[in-house]
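Peer 1: Combine the two chains into a complex, taking the hints into account.
Residue numbers (numbering that gives the first Met the number 0), protein chains in the order written: chain A, 0 to 323; chain B, 0 to 332.
Accuracy of the hints is not assured; some may be wrong.
Subject to a maximum C-alpha distance of 25 Å in a straight line, what follows is the list of computed BS3-like cross-link-like pairs (lysine-lysine) [what the hints assert, rightly or not]: (1) B:LYS35 - B:LYS198; (2) B:LYS35 - B:LYS86; (3) A:LYS266 - B:LYS195; (4) A:LYS296 - B:LYS195; (5) A:LYS200 - A:LYS175; (6) B:LYS198 - A:LYS266.
The following label-pair restraints were derived from C-beta to C-beta distances [said to hold, decoys possible]: (7) A:GLY269 - B:GLY19: 33 to 41 Å; (8) B:GLU32 - A:GLU275: 26 to 34 Å; (9) A:SER104 - B:GLU145: 36 to 44 Å; (10) A:SER104 - B:LYS86: 38 to 46 Å; (11) A:GLN203 - B:ASN205: 53 to 61 Å; (12) B:GLU145 - A:GLY269: 29 to 37 Å; (13) B:THR264 - A:GLU140: 25 to 33 Å.
Derived by calculation from the structure, the hints in this document are not laboratory data. Computed from a prediction, not measured in an experiment: that's the story for all the values here. The beta-carbon is built from N, C-alpha and C at its ideal position, and this holds for glycine as well.
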Amino acid sequence: MSAPLLQVRNLTKSFPVGTSSLFARRQNVLTAVDGIDFDLPRGRTLGLVGESGCGKSTTARLILRLIEPTFGTVTLNGVNVLGASPSELLRLRREMQRVFQDPLSSLNPRMSAGINIGEPMRFHGIGDRRERYERTRELLEVVGLRRDDFDRYPHEFSGGQCQRIAIARALILRPKLIVFDEPVSALDVSIRAQILKLLMKLQQDFELTYMFISHDLSVIKRICDDIAVMYLGRIVELAGSEQLYRAPQHPYSQALLQSIPTPDPTKRYGDLGGLEGDVPSPIDPPLGCRFHTRCPKRMEICDAKSPALIDRGSGQRVACHLYD
Amino acid sequence: MPEPILQVEDLRTQFISRRGVIKAVDGLSFSVEAGKTLCIVGESGSGKTVSSLSIMRLIDPPGRIVGGRILYRGSDLLALDAEAMEKIRGDRIGMVFQDPMTSLNPAFRVGDQIAEGMLIHQDITPAESRIRTLDLLSRVGIPNPEARFDDYPHQFSGGMRQRALIASAIACRPEILIADEPTTALDVTIQAQILKLLKEVQYDLNSAMILVTHDLGVVAAMADYVMVMYAGRMVEYADVETIFARPRHPYTRGLLRSLIRLEDTREDELAPIPGAPPDLSRLPHGCSFAPRCPSAIGACTESYPKLHGNVDGHRVACHLEAEMGAPVARAGR
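In isolation and in its complexed conformation, chain B is listed as follows (with noise of 0.2 Å):
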């Protein structure tokens, strides 16, 4: 196995509110490889989003991360000062938002905005951060980058934007790409060109990227590996094909089962997830899925799961795992 590029483990990033602490994320660990990408998916709530703004260590009061560490080659990003945080965020590891409208400065050219995160980085003139950021509007699509270079955000269209916060994110050729719903405000034809951009400029660096959705369709067409988040956990870890074909988690099933498919008819039974995801600030005792989960059993009620696994790196946190006797994984594995 290549040597992962970043590593989190038990990461823990929690809020404040007046209900009381809000664990976003709790205990959370994987690792990304080299041109390699996974998915992070869960619906509202989950913390995948939490997570990627944890790795950037973006997290704003009431916001803070209480515990764990996020390894990227061998040093921890939460030990570091903010001076040294800012060199590696933008440079080492790149990122790419949902909203491109609010990503984007108003009032600041597109084209000094994508070249600014190489004058901040590299030690290059303006002259030369020019010719490179029309290099890299040019690679992300954009005709006529010269005329372009000039233009406000709110005169290019949303995929247009959307290319240019890409442009920007690979500005220092990254080993990292985060992108988190990087397509979910652009409309679906848009989206495809998007999606097939994100992996051209993943493939050209042999970056890793982690690529934040709650579209299963979104996963399967880029993911090699899955997470799903289910009320600030990991619930289910394998690769993509996997995660499809042999779903061990009863949140992962029923997920499955509840997505409205192209290929369906009207007579085809819909078969929703009962109930609602849970409210962070009062998560169930035990497992935070039992009271939605059609296979609960006395254990889930009791205690949260622990992490099983086997040897293809498949990981479900599930009581049902225990009773068919799966082995506890290890943890950051």
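Bound-form chain A, shown alone (with noise of 0.2 Å):
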């Protein structure tokens, strides 16, 4: 097998949290990301899911160094992301793209659909504006919009082809990792399952890698080979999606399947599993095991030592002490 196309070992974000008063200052830290490692190999989706406050957003950003992390290693391709100089930097970023949820703020409102999708190759210096106005029209149509769509503007499209539009831009530079974070979850459901189709496609036609981050693991389930919960800046399971899905080993991964709604009558809010309590601050993090607060299966030694993320046969890792 070949090497991972993105390799990621003990990624860590702290921020400083200021709580200042007239007359105390005290300096807290926001641990959003504790030490986290993975793999993803060329051509495959690697899903983050979890709630609110779990970091996954943070680790998207740190993956693609929108923001410095406090320490670890992120390697694209054999290439240190996290060492590299501005200029190595400008020549990684071409190699890999992101997009948002909200795509009518992450396009321009005052440029037209087309100079938005070109503007990746204007500002890498790619191309003359000629072959700029080319590539772009004819990635208008691979995402399923019309070529005459390039002199229009963000505002007289619909969320989905807004969409649609960003992931052009994505496209526009031929990158080979794309990190999409809650790329569907602001469009409607009738949509959702068009933008997901298209996705699953441009994988396949430009051998892309994604990462793709939601809160809804219906949507990650489809799309993604490998899904990693997260809980509080760390990773609690890594396993297989299917896998995953029909037997999840960490309880917060158990916990999170069982309070999904799903759409079959028979199964009513009683029959929601659930959990007690809220998600602790991360100000103030639980010692031990991070979930041990709100975890059915608690043990002694929960509060005590923190878990390590391990393998527990056919490749599904699992940060628990149940299965020590």
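Peer 2: Written as structure tokens, this is what we have:
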């Protein structure tokens, strides 16, 4: 097997959080991402799933080096992203692109769809105006819009169409990796499937590697080969998508799966599993296993010792003392 | 059939915009009974939220309710003066909205905001209202109510704020509970808690609940009856089992087919509905769904279909029903 396209090791990001009052200053630290490791093989899709504050979006921004990590390494195609000089980084950015949740706010409203899509080429000084124009019109068609949509402005498109424009813009530099952060969460139900279908087709046609972030496990499961479940800055389980769905090991993964209301009226509100309480503050996370305060299966060791993410057979990695 | 608590007949709510008149809700009729839950489901712009706001008479200019009747225990809410409506809103009809941060006033203590409704609507002293608020806080699962009473909304988590809003909505023991996307802003494990809580309080009060949502998973978990809306109109209405097992309207069928389901694998074919919902200021002639409908026939672009119904109360607004000889439903039932 060839080397993975993306390798992430011990990636950590702490933000200082100031709580200042008139008389006292106290500096707290919020560790949004706490020592995560994973590999992403070429042509595959890895999903990051978890609830708000679990660190999934911070992980994406770290990998793209939109923010600087506290420590850890990220290697793309054998090149150290975090140690890259500004000029190397510029070069690396061509290979990794991103698509965010809100398509309208990630497009420049004063530029036409075509100019928005061609902007990364202009920025990186690739091709002349004519080549950009041709390539952009080609891509409009690739993402399911019309070549003549080039001159229309973002507000003239629906949400789903704007997301197609954002996808075309991510494709124009022929990247290897695309990071999607909640790309269908803002879209209507009937449009979501259109965009997911497009993403799956593009992955095949252009041999892309995807990292896909969502809070919606159904969407993640549909599009990803592997899924990393995150809780309070850590990966608690990393498994193949079918495997995670059929036999989730970590109590948090189990709770997450059981909390999702399914479109089947024989399963009613009473059948929804769930967890007691709220996610604890990441400024003062629980000691030991971070999930122990809400875990239905907690043991004595859980608040003392943090479990490591270990392969528990057949490639399913779980961070839980139940399986020690 | 039990007497409905709320009966909506031919409701029409419009907004005036630069691009013309937007018929956000166009001729909607339905009713709800005590102890039952009606889910209104639809995508953005379908009119589901405007319908629920219209019942509360919370439509502000440039919006206006231009027609119809909303009968609560036989009297028409649309005919009441503002003062009489105030007496019903928040007292007989309680409401829970999507975003608990914006529905609570950040400058007032949570406990006082819950007590406020009781002080307005009921003849009680502030001391009594405090005791009842503490009861309510513990009823909705807020630990340590004595201490939390004096907290401000920002000191509550999202789930706790939604619990506080539910406490406020049920403070006067309403007969009708309207919840508009009450769990959309919440994480899924918290959503499960809140959905269960809503059902518990509904059961306690035996109130009718109107739950507005875009999530068909929530519909399946919560609804007794389901109304599917598209572009301001009801396209299908049935009990929850029927909607999922035997949907008749092509939009409902398409919506169910396009769902991303947990049990799907990567190999299953995705089946999206082509196109996008129409612009309400430029609705197509005839059926609004016709441009996206795989079964459209000639009649669909000529006139809006009538509502066809059968004895089970299953109603469908589709020309294909007439083709198959289904009778036309009476309005309001």
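Peer 1: If a hint holds in the structure, say so; if it does not, say that too.
Peer 2: Status of the hints after comparison with the structure:
| no. | hint | result |
| --- | --- | --- |
| 1 | B:LYS35 - B:LYS198 | 10 Å, holds |
| 2 | B:LYS35 - B:LYS86 | 23 Å, holds |
| 3 | A:LYS266 - B:LYS195 | 13 Å, holds |
| 4 | A:LYS296 - B:LYS195 | 22 Å, holds |
| 5 | A:LYS200 - A:LYS175 | 15 Å, holds |
| 6 | B:LYS198 - A:LYS266 | 14 Å, holds |
| 7 | A:GLY269 - B:GLY19: 33 to 41 Å | 47 Å, violated |
| 8 | B:GLU32 - A:GLU275: 26 to 34 Å | 33 Å, holds |
| 9 | A:SER104 - B:GLU145: 36 to 44 Å | 43 Å, holds |
| 10 | A:SER104 - B:LYS86: 38 to 46 Å | 42 Å, holds |
| 11 | A:GLN203 - B:ASN205: 53 to 61 Å | 55 Å, holds |
| 12 | B:GLU145 - A:GLY269: 29 to 37 Å | 31 Å, holds |
| 13 | B:THR264 - A:GLU140: 25 to 33 Å | 30 Å, holds |
Checked against the numbered hints given earlier, this structure breaks only hint 7.
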